[in-house]
Amino acid sequence: MTTTDISVLAAMLRAAIGDGQVISDRQELRTYECDGLAQYKVIPALVALPRSAQECAAVVRACVEAAVPFVARGSGTGLSGGALPHADGVLIVTSQLRAIREIAPQDERAVVEPGVINLQVTRAATPYGYYYAPDPSSQQICSIGGNVAENSGGAHCLKYGFTTNHVTGLQVVTPDGDLVRLGGRAPDAPGYDLLGAFVGSEGTLGIATEVTVRLVRLPESVRTLLAAFRGTDEAGAATSAIIGAGVVPAAIEMMDALAIEAAEAAVHCGYPQGAGAVLVVELDGPAPEVAAQFTQVEGFCRSNGAFEIRVAADEAERALFWKGRKSAFAAVGRISPDYIVQDGVIPRTALPEVLRRIAEISRERGVRVANVFHAGDGNLHPLVLFDDSVEGQAEQAEEVSGAIIDLCVEYGGSITGEHGVGMDKAKYMPRMYSDDDLDTMQLVRCAFDPRGLANPGKVFPTPRLCGEVPGRHKGAHPLQEAGVAEVF
Amino acid sequence: MPDAALAALRGASHEASSRTNHTDGVWLADDEPVLPGIRPRYVAAPGSTAEAAAVLRAAAAHDLAVVVCGGMTKQDWAAPPRRCDLVLSTRRLIGVVEHVAGDLIAVVRAGTLVTELRQLLAPAGQQLALDAPLPGATVGGTVAVSTSGPRRMLYGTVRDLLIGVTVVRPDGVVAHAGGKVVKNVAGYDLGKLITGSYGTLGLVTECAFRLHPSPAASAYVSRRVADPAAAGRLVADVLGAQVVPSALEVDAPPEGGFEVVVLLEGTAEGVAGRAVRTIRLLGGDAAISDAAPGWWSAYPWGSGDVGLKLTAALSGVPALLGAALAARERHGVPLRLRGSAGTGVLYVGLPGTAAPQTVAGVVDALRAAARDVSGHAVVLTAPAAVREHVDLWGPVEGLELMRRIKQQFDPDARFAPGRFVGGI
Amino acid sequence: MTAGIPTQGGVDATKGSAPASAPRDVLGTLAAPSGPPAFDDHHPPRPELVSDCVHCGFCLPSCPTYVLWGEEMDSPRGRIYLMKQGLDGEPLSDSMVQHFDACLGCMACVTACPSGVRYDRLIEDTRQQVERRHARSRRERLLRGAIFRLFPYPKRLRLLRAPLRAYQATGLRRLVARTGLLPRLAPTLSALESLAPRLTRPERLPQRVPATGPRRAVVGMLTGCVQSAFFPDVNAATARILAAEGCEVVVLPDRQGCCGALSVHNGREAEAQRFARRLIDALGAESLDYFVVNAAGCGSTLKEYGTLLADDPAYAERAAAFSATVRDLSELLAELGPVAPRHPLPVTVAYHDACHLAHAQGVRAQPRALLAGIPALTVREIADADICCGSAGVWNVLNPEPAAQLGERKARDVLATGAELLVTANPGCLMQVAASVQRIGGTLSLAHTAQVLDASIRGLPVTHLLTRSTRSASSRPPSATR
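Protein chains in written order, with our numbering: chain L, 7 to 494; chain B, 54 to 477; chain G, 2 to 483.
None of these hints come from the bench; they were simulated from the model.
Be aware that a few hints might be false.
Stated by the list, open to error - Now the in silico label distances, taken between C-beta atoms and shown as ranges:
#, chain 1, residue 1, chain 2, residue 2, range
1, G, I441, L, A21, 33 to 41 angstroms
2, L, A365, G, R275, 53 to 61 angstroms
3, B, A269, G, I441, 23 to 31 angstroms
Even for Gly, the Cβ is constructed at its ideal location relative to N, Cα and C.
Please put together the full structure from these sequences, using the hints given.
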């Protein structure tokens, strides 16, 4: 797109949403060039900061009119490059759409704008005895809109499910620039479950401008223990024993020695000395139920070799257990100059075997790998450490990271459990899905976004064009002519 | 006259299966009404996903309209298809492909009965936490219509439990989405799109489900009250307490009054403790029982009756209960009301003999009441005479996008055309 | 996750596709870098500290300007990104300076950062580059000049305590008249007037105060600028508490000047170094076990004298040694442990974390513990405690509108606790919150931690703290002879 086009579009956007809401200064634009996955950088042509759903729709309509792609961004904390800007496109940032419209405990719902921070929903609902269950590690800053786009998970999803299980209604701006409501406060709206298709679509089906979420009753009792093991095998066996006995904890989290070292360096969480692995297990629910199962869990930890078990005596100690776990990603920055956070899923029963194979790969290639994961649902977060200033280390780390993803697919798992595909993993999609599978997903894309303007280049490995585009036709698409994309 | 379509269907079926008698897979419907009011020409019962795909490719080539059927429990739901040349039955797509107890997942073929699956999983101490309101329903039909029962309150519905799906598209292409692990955000969640799509987007052949441990103990605590306000208060009290019910149901038989029933599940000690608390909460003559009431997990209507589904924001449940009772009074019909008050989903049954105009009046009243509490009123099933007088779906948000989805998946409108919202 | 992972197959448009990264001359504002690079070689923000940032965004919700405006450039992560651009050769543009200037320096992001990024060091280094290298508008220069000719000088500040007409007649009027400073100070001053009635007689602090009972330590104390001008009673209370807890207190008020905190926080490096040397010279001869500070902003600067004077061979060592003795009042009292008996104060207080105490010095538990140690006193927490009240040194004078918004936010959160008394350990916060509470029509008494402890140790009735007066708790100067 030409510079004139951009200045025309900038003028359109300024007219639509106000001068101060459009950024075109190059230095300022560059602060938006990456999200939480900073290895990918693209300077957007423009940044728009709408303050209402109507303004957001106006921005999208302007993009449609100018045939310019747009990318939505919340707090910019995503770890798959899902909010990576498009060089010729508009980055639509929802950070000023941050009103909590309503906390409705009587309906077990909250209605919020997409820029509202995840944890703020819980903080607003807590006085009523409710909370918002999905709790990604970045919950203190990630936005609900971003959670919707990525179908974010978190430690407590083992019991409570993911964002998709907790969003009951959306107002979205479609890629045509229309405002549409999907679902609402009541369950089971008639028609296709477009809400279910939208959640986790990573900004490729439109932009959420209002989100209705389920609020969950705060549990009567929460009990958390930290169990230290000599190694991940024992910790894995304890996990299997707990699940196998029919206990569904709110969370079971595991960290290995290297991850523990990093967390200690960062937040001084005081995990037991000499631990080769720690499990954080949390049970919640009615007090008698929790008490009975907690004893069971302690027993399984001991019988599988836990050499120290700490039970959180109060909220402060519980917070400390979790602090080590939740800050682990960023904390790894203290023990390694650079690292890649991987996110893959394996069937839980394959855990010990896969961990052994990751250790083998790590040994063979001489690349250190720290492991932090949601053990209860087999969601691994291997952290591949390297030093970018040493020639060749970055490439090696990439290879190890890719090999781990291959392992996940080999064991029947997934290439991403919660970080999303985004830019980073689009290339891995064919390892998990056939061409036909991907084509079928594209049918949904074409229904929502026939022009392919919503976050193009993400999720899917190769660009494909939609067969029928409503509205203007301009002859063959240049990508099609060049043989880069196919119409189907 | 040689039947080219039949030959093609049989050829496809034969080639894709190892069976020697090719008439097994596809046969003429022989003018027998396979579905009420519909006379298809052919019936196919493929034994595998590959065979189903081959048959559906042949059907596509001959522009045959297709209706998928499973246990025949809900073929009289929604609108009858405008066209039907081929009935595709899942009766041969049965059995559990994989059950990994340690991972709490199972992969099941679509024609498997929900009740059979329950028996297969029970020895492992596990369950697919879906109620089967209609005995004889298959897994595939349950997914296609997204039926649910009382325990949706704790476990959610099909959309929350389906983690992977294999679908044959109307053009015969086989597509998978999701997988065998619970946590997975790779690609679009086609499982949710397929769930509740009434067979208008394709044929579901296999489903991967998240399982739950079977509870060690359970108890039903119930109380009868006279009016909707009292029932509403009990519901709100239970929701606000810490008893974590698996289900919170109300039943209002035509003869009057309400029964409020709370299902508690968990460890023996836990359930006992919570049952005591629940009895205290419900007050009055609240009683505890090991067995479910007779009406539990069944729709409040029978074959040939009118069945409605009402939804509401939780706080609107008492208003909706009141509106249903008011409609019963005003129209003088033996309306039966039942449902998951704890999730805002209620069902209403009216006799099939009720006058169409009366039913239309009730539907209008309930639709207005549901709208006032952010919900919907949908007529799930009704005799043909009634259907002519009522709009089955009421207002549908996002209909334009839904039409586009249908257009993409089934551009020639061959899969159960007309059955779904907006004539999709 | 970190920057620096090499490009993967054509997806990194900064490297993979030229059009994306090439500067595009659009609208004039998208011009290619023009002018010299932002930073020179004299202490630029250190690249290795910049590269510690992994871009996780955990700092965003702690940043007052991000909370207000929701824009990346006005967040710690965005500002670090701007520093990185500066290090990469981008010029120090007006917009870049504007975003650096907008930082309150509250350091809440330092606390929030899991990767341990030293944003405090980065912004200080950046600010002195801005001060040296960026040409501000005439109006800006006048305003800033006036501020730094006023605030670091307690005697000049004291004149502001007189009624408006009084200081209009003084030379101060000429100092502030055309700079726009006066109207910016007026609201805060008037709030202060109503909350803390004008002093009838300037209180004089003794040179030295002997320890009560056995001497446990010899302790110097900073008298400060704003503290001594507006809250002399806080200094008096501090001296009394220290004495009561067994410290011999070396006050020497006449020898002390400004500690340089305001200058450090605004990039006026040379000026800050001058103040630091002067204070070290003034007190260097005394053999002190500890040097106590009761103003959070000053304390954090004094603790960093070693860094501030690291390049000065004549002072580097002495500065570092001096810094090692510096303690916040609450920190020292916690270290020593209480000996003076506390008398009950039946009152509910909200404790407000001063940013430079909580974030810059990591002192959170000690003041709470001291307050909780007072019989009958209840301590309440304030929601969003980690968000700055908007005072931030002279930030509220330079940025009155956003400061007022932050102040009102804080005032609402404070009032929501239902406490009768707000306790904090920084004069700037006291003034800012006082003005904000008044603006939104609330009523609340305010006190420094030292005043509350002093009242408890002396057995004064709680009404002394609740008479809308921050000074009535001390009706007499600390005894110099007893």
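### Query
Checking against the hints above, which ones are violated?
Of the numbered hints, just 3 does not hold.
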